[in-house]
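S.K.: Taking the hints into account, I'd like the entire structure generated from these sequences.
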Amino acid sequence: MTSNRTLSVCVLSGKGGVGKSNIALNLGYCMFRGGFPLLLMDCDLGLANLDVLLGVTPEYDMQKLLDTDMDPALIAVQVEPGGFDFLPAASGVPELVEMDADLREMLFRKLSPLFSRYDYLFMDLGAGINPTVLEFASMAHVRLVIVTPEPTSLTDSYALIKVLATQHGVRDFHIIVNQVEDRHEEEVTFKRLAAACDKFLGITPVLLGGIRADKMVPESVRRQKPLLKMAPSSPAAHDLFALAVKLQRLRTSMQAVISAGPFASETQPNFE
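So for the sequence shown, full-length UniProt numbering puts the first residue at 1; every next one is plus one.
The hints are all genuine.
Result set (PhoX-like, lysine-lysine): computed pairs, CA atoms no more than 20 Å apart in a straight line:
#1 Lys191 - Lys15
#2 Lys162 - Lys15
#3 Lys215 - Lys229
#4 Lys162 - Lys191
#5 Lys225 - Lys215
#6 Lys199 - Lys162
#7 Lys110 - Lys64
In short, the hints are calculated from the structure, not lab data.
M.R.: What follows is the structure, given as structure tokens:
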């Protein structure tokens, strides 16, 4: 293993309730099943819920890193043997929700050796434009913005993209349209968002793909199992697999960027 192979991917959304965390979990599981060690990091630092989706009760969480010198590998929870691990967040901790630059740098300095063990770092960010969300999103190599066809989702996602573009200089976004009836609705939804981004921000987001509405998705949440594991032949599972293939192709095209470190070079945390 090398210390410069990790692709950081943040999964974010303008509003809650669009399936963001479930997509992060299932895409992560799919990448792992494809042979890529992956760390799923719950970065919804105020209202963490990936542990619920996974059906696990972590002994420790990221608060432990801030309070002690514990090895972060001891905090990570093994979801599947062979390279699918989960790093729990801490719910209801104000200093994590409004994390300042010094605290963020300390956290990532401690986590950096752990990140280097994986091909992928998936960061499930909180919804909206919280300052911590924006900082984490601007650091990642890849940003996956989750939207649905609902007008409020499009409006809030545009606001999120606008803040990242105008205040953090981020220009590249990959869009996943969730809960669509068919490919036509996927394309129409994406084009609405892309048109606004092009007209008012001068940027062109990329459509990574869509995920069809599927009754097996809420069932997998109820059973606290990844959809790809519980119902791999379901329509949404097929769509998630297709997204994973595209993401791996994107990774292949970004090897030079990845070699600079686990985060985008222009926003690489100072670990000195």
